[in-house]
Amino acid sequence: MTIKEKGYAHWDGEFLDKKFPWWPITRYGIKLTFRRKQFKFIFPLSLLPAVFFLAGIYVSERLEDFPFFGRETVEFLQINPSYFKAYLASSFMIFLIVIIVIFCGSGLICDDLKHNALQLYFSRPIKKKDYFFGKTAVIVFFLFILTLVPGLVFFIMKLVFSGSFKFFVSYPWLPLSIIGYSVVVTAFFSFFTLFLSSLSKNRRYVTILIFGTYILSDIFYRIFYDIFSNHYFSLLSLRANLQQVGAVFFSQKTPYPIHWIYSLLVLSGICVLAGFVLKKKVKGVEIVK
Amino acid sequence: MKTVIETKKLSKWYGNVLGLSDVSLQIEAGITGILGPNGAGKSTFLKLITGQIKPNIGSCTIEGQKIRNNYHFYSKIGFCPEQDSFYEEMTGWQFMTGLLKLHHYSPSEIKAMTKEALEIVELTEDKDRVIKSYSRGMRQRLKFAQAIAHKPEIIVFDEPLNGLDPLGRRKIIRLIKSYEEEGKTILVSSHVLPEIEAMTKQIILIHQGKVFAQGDIHYIRDLIDTHPHIVSIKCRNPRQLASTFIQEDYVLNIHFGSADNTLLIETNNRDKFFSLLPSLFVKYNIEVDEITSPDDNLQAVFDYLVEK
Amino acid sequence: MNQITVRRLLFLWNSIRKVYSFFFFMGKKANKTKIFFIVALLPVIMALIIKLNPIFSGRSSTEGIYIFSNVIIVFYLQALILLLALFFGTSVCSEEVEGKTLTYLTTRPVSKSAIILGKYAAYTSLVILMTGIGVTISFLILNVNKLHDFSLYEILIRDVIVLSLGIICYTALFTFVGTFLKKSILFGFVFGFGWENVIQYFPGSTQRFSIVHYLKSLLPVPKIGRFSFLMFKLEPSTPVAAVFMLFLITGIFLGLACLFFSLKDYIFED
Chain H
1 MTIKEKGYAH
11 WDGEFLDKKF
21 PWWPITRYGI
31 KLTFRRKQFK
41 FIFPLSLLPA
51 VFFLAGIYVS
61 ERLEDFPFFG
71 RETVEFLQIN
81 PSYFKAYLAS
91 SFMIFLIVII
101 VIFCGSGLIC
111 DDLKHNALQL
121 YFSRPIKKKD
131 YFFGKTAVIV
141 FFLFILTLVP
151 GLVFFIMKLV
161 FSGSFKFFVS
171 YPWLPLSIIG
181 YSVVVTAFFS
191 FFTLFLSSLS
201 KNRRYVTILI
211 FGTYILSDIF
221 YRIFYDIFSN
231 HYFSLLSLRA
241 NLQQVGAVFF
251 SQKTPYPIHW
261 IYSLLVLSGI
271 CVLAGFVLKK
281 KVKGVEIVK
Chain P
290 MKTVIETKKL
300 SKWYGNVLGL
310 SDVSLQIEAG
320 ITGILGPNGA
330 GKSTFLKLIT
340 GQIKPNIGSC
350 TIEGQKIRNN
360 YHFYSKIGFC
370 PEQDSFYEEM
380 TGWQFMTGLL
390 KLHHYSPSEI
400 KAMTKEALEI
410 VELTEDKDRV
420 IKSYSRGMRQ
430 RLKFAQAIAH
440 KPEIIVFDEP
450 LNGLDPLGRR
460 KIIRLIKSYE
470 EEGKTILVSS
480 HVLPEIEAMT
490 KQIILIHQGK
500 VFAQGDIHYI
510 RDLIDTHPHI
520 VSIKCRNPRQ
530 LASTFIQEDY
540 VLNIHFGSAD
550 NTLLIETNNR
560 DKFFSLLPSL
570 FVKYNIEVDE
580 ITSPDDNLQA
590 VFDYLVEK
Chain D
598 MNQITVRRLL
608 FLWNSIRKVY
618 SFFFFMGKKA
628 NKTKIFFIVA
638 LLPVIMALII
648 KLNPIFSGRS
658 STEGIYIFSN
668 VIIVFYLQAL
678 ILLLALFFGT
688 SVCSEEVEGK
698 TLTYLTTRPV
708 SKSAIILGKY
718 AAYTSLVILM
728 TGIGVTISFL
738 ILNVNKLHDF
748 SLYEILIRDV
758 IVLSLGIICY
768 TALFTFVGTF
778 LKKSILFGFV
788 FGFGWENVIQ
798 YFPGSTQRFS
808 IVHYLKSLLP
818 VPKIGRFSFL
828 MFKLEPSTPV
838 AAVFMLFLIT
848 GIFLGLACLF
858 FSLKDYIFED
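Chains as they are written, first to last, in our numbering: chain H, 1 to 289; chain P, 290 to 597; chain D, 598 to 867.
One chain only, chain H, in its complex shape (with noise of 0.2 Å):
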């Protein structure tokens, strides 16, 4: 056996049956990300527009006393499920994801790079596998509380303030939905941000590579659909394949008049390239040709 197979950097020892391995990882990486001054003040903001669409949810219920409201307005509060897309699925929202992952994702697997510090993951009776679940249960904790949180509280709230169980007749499986889409919205820029995280031990070289890929993927397409009129050019756009996705859940009509199964295999192939990646990226010993 070669050295770097067996070296200083695997545990050797028996492999326990302990509860949740990963979890220090988690717990730690969120401690971690907590500690950022900006993002002390960003995170909060980003809950803002569930606050906003909260209230939109109360005064839905009580549309009588806004008669000044317009027409538009009026119907954008008749809560149904695009109600729920327009939140979870808009640009604006994926938009503060991204930001959300710059923040708690892009030093994940970089910081670890940088500073030789998977040598001592490994050395410790911990697998490859709860390795890579802690760190995307960091992202995932923070995209649930943007996403999966204000999409269930939303859907309670209509409830609580409705005071019938009209809304849950009228849509049974809308919380099935904003599962669905929240789990897939959280994967995919999990395995997204790992991905690129893996790729440098510059967390600066990496915040860009997230935001520029985000950007510039939407530029392609507009420029590509200004050119040629064609709407599959959208499948370039990172955006445009999530909100793609996101109208299937909701039972919505998709935003681009391509089949939405196109967008789920874009998203896909990411994930799985980024898995590859990862799996060649992360290993306890590095060797320099």
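In short, the hints are calculated from the structure, not lab data.
Heads up, a few of these hints could be off.
[As the list claims (entries may be wrong)] Here are the simulated lysine to any residue pairs, SDA-like style, with alpha carbons at most 25 Å apart:
no.	chain 1	residue 1	chain 2	residue 2
1	D	K626	P	E442
2	D	K697	P	D373
3	P	K343	D	F634
4	H	K201	D	L702
5	H	K281	D	F634
6	H	K281	P	K343
7	D	K626	P	E555
8	H	K201	P	Y423
9	D	K615	P	W302
10	H	K279	D	V694
11	H	K283	P	S374
12	D	K626	P	V306
13	H	K37	D	L783
14	H	K114	P	V419
15	D	K779	H	K279
16	D	K629	H	K166
17	D	K631	H	V277
18	D	K780	H	L48
19	H	K37	P	W302
20	D	K861	P	I399
21	D	K780	H	S46
22	P	K365	D	K743
23	H	K37	D	L638
24	D	K629	H	N116
25	D	K625	P	S395
26	D	K780	H	L96
27	D	K625	P	S374
28	H	K201	D	G696
29	D	K625	P	K343
30	P	K523	P	Y573
31	P	K421	D	A627
32	H	K40	P	D538
33	D	K629	P	S374
34	P	K440	D	F799
35	D	K631	H	S200
Note that the structure is a prediction, hence the values are computed from the model and not measured.
Start from chain H and add chains P and D according to the hints.
Structure of chains P and D alone, referenced to chain H:
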């Protein structure tokens, strides 16, 4: 001897954390060891001396000139920092020549100086490998090389022996001592006492940001009158010897050492003790194998001062 | 100008040259430069797709120079050079502090201003080179059937100069931001993709509080309609005023960067 480096009331804070407090020193040519535990302020002191950071209070001059932003002076100074950081994608050769270019030497001079420096630290064979692939010891030696390549008159080493194997340490210590013979001014910081003891007798003890002592190690030791000296005597009848000392008022404590025939005597008057010792041996016909002072060294001085 | 000042300036110039060659050489070989070079070549792929599409679709193609001026150049202007300048500009100082290699530079007989200016010049050169290659190849692809028309090359040269001015100016700004702020990237995003876009909607003199206004003043105003999302409401300044302002902004931010870098203590994080 002429003062080379002078500090007056040098103090530095990092926010609320005290880095260095009221340090006034005069350092002459030769090797001076800066000694202190981790976090004592050694690196802060060296960074202030070399103008990397500016003091909150006080001043620091080298050969009478302020060093901070006095960049012309850096042709005379070499600095070997503590942190293990490099331009990782460069080779050792590229790193050395690149930094020497900043000294405005000609290409042929740069080539010769780089070759010489790499030969001194035994990195000639690895000069074309990227620094990323260097071992810890090689990286330390490269750091050393970049500090000496331009033959500075004043060299500051911050923990230069970190990461080196025992052979490497010996070589570097020998090298540093050779610079003293050339009349250079060397400052070496370390928290490993035997390393400093091997290089120099002139030390500055720093702890918690303050200078506890400066000067020759033995001189410092002698100054510490209040701290009892320990003398170890190895003889055939330690108990008989012990009984003769019991009555003396300058003997504070007597222990029997781990080996059967060793006696450890604690005295607050070393001179009187040693002056009486031969007569006692003769009077009681005691055969002595060995007499040593286990605490007449830097470790003991350091431990005492730090605990104080 | 007396002899001492001349000697000082000469020494500064030599120091800047030495620092420039050190970092240009290092930057050329760095992995990150290779990645950003690929990013700078993305418009080339765009140009290829645009050029090849009529062959496969059978549709008539839009004139190459039109696409080049209204899509490729504007894409570089509004997005790519911002990203490149943000990364390389903030790297001038932040890279040395984060990598803890600053000590090697500040213990050499070169002034701190020379370090900043030399490294800035090296990184700006690299970005201009990357962008120039991407722009030129895109131009050649889009105008492959009109390469004999030498009047088109004037447009290429003009656009490369405008982009170079943009890179020089943005990199200077972000160099200053990198010396001044610890978390410079967030400021860079807010400025580059927030302020620079939003301020262009404002009429009158408010537009003049952005760098992109002066850059667009050096380009012909596009027709409203296609690609209007890329170019906003523009009330251009005169070309002379625009160039003057760009150099003034560059000079101010580089001066501030040198000042801050000389005065500030950079503490390495453990």
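Verification of the supplied hints:
1. D:K626 to P:E442: Not OK: K626 of chain D and E442 of chain P at ~34 Å, beyond 25 Å, violated.
2. D:K697 to P:D373: Status holds; Cα separation ~8 Å.
3. P:K343 to D:F634: violated, 39 Å
4. H:K201 to D:L702: Holds: K201 of chain H and L702 of chain D sit about 22 Å apart, inside 25 Å.
5. H:K281 to D:F634: holds, 22 Å
6. H:K281 to P:K343: Given that 25 Å is the threshold and the Cα spacing comes to 41 Å, the pair is violated.
7. D:K626 to P:E555: Not satisfied, since the Cα-Cα distance of roughly 65 Å exceeds 25 Å.
8. H:K201 to P:Y423: Holds, at roughly 18 Å.
9. D:K615 to P:W302: At roughly 35 Å apart (the allowed maximum being 25 Å), W302 of chain P and K615 of chain D break the hint.
10. H:K279 to D:V694: Outside the cut-off at roughly 31 Å; violated.
11. H:K283 to P:S374: At roughly 22 Å apart (the allowed maximum being 25 Å), S374 of chain P and K283 of chain H satisfy the hint.
12. D:K626 to P:V306: Measuring from Cα to Cα gives roughly 40 Å; hence the hint is violated.
13. H:K37 to D:L783: Holds. K37 of chain H to L783 of chain D sits at ~12 Å (cutoff 25 Å).
14. H:K114 to P:V419: holds, 17 Å
15. D:K779 to H:K279: Violated. K779 of chain D to K279 of chain H sits at ~32 Å, over the 25 Å cutoff.
16. D:K629 to H:K166: violated, 57 Å
17. D:K631 to H:V277: holds, 19 Å
18. D:K780 to H:L48: Given that 25 Å is the threshold and the Cα spacing comes to 24 Å, the pair holds.
19. H:K37 to P:W302: Judged against 25 Å, a Cα distance of about 22 Å means the pair holds.
20. D:K861 to P:I399: violated, 31 Å
21. D:K780 to H:S46: holds, 19 Å
22. P:K365 to D:K743: It is violated: about 61 Å lies between the C-alpha atoms, which goes past 25 Å.
23. H:K37 to D:L638: Roughly 36 Å between the alpha carbons, so the hint for K37 of chain H and L638 of chain D is violated.
24. D:K629 to H:N116: holds, 19 Å
25. D:K625 to P:S395: holds, 23 Å
26. D:K780 to H:L96: holds, 19 Å
27. D:K625 to P:S374: Holds - the C-alpha atoms of S374 of chain P and K625 of chain D are around 20 Å apart, at most 25 Å.
28. H:K201 to D:G696: Roughly 10 Å between the alpha carbons, so the hint for K201 of chain H and G696 of chain D holds.
29. D:K625 to P:K343: The hint is violated at about 34 Å.
30. P:K523 to P:Y573: Holds, because 15 Å separates the two Cα atoms, which is no more than 25 Å.
31. P:K421 to D:A627: It holds: about 13 Å lies between the C-alpha atoms, which stays within 25 Å.
32. H:K40 to P:D538: violated, 68 Å
33. D:K629 to P:S374: holds, 18 Å
34. P:K440 to D:F799: Not OK: K440 of chain P and F799 of chain D at ~60 Å, beyond 25 Å, violated.
35. D:K631 to H:S200: Distance ~13 Å between K631 of chain D and S200 of chain H Cα, so the pair holds.
Checked against the numbered hints above, the structure violates hints 1, 3, 6, 7, 9, 10, 12, 15, 16, 20, 22, 23, 29, 32, 34; every other hint is satisfied.
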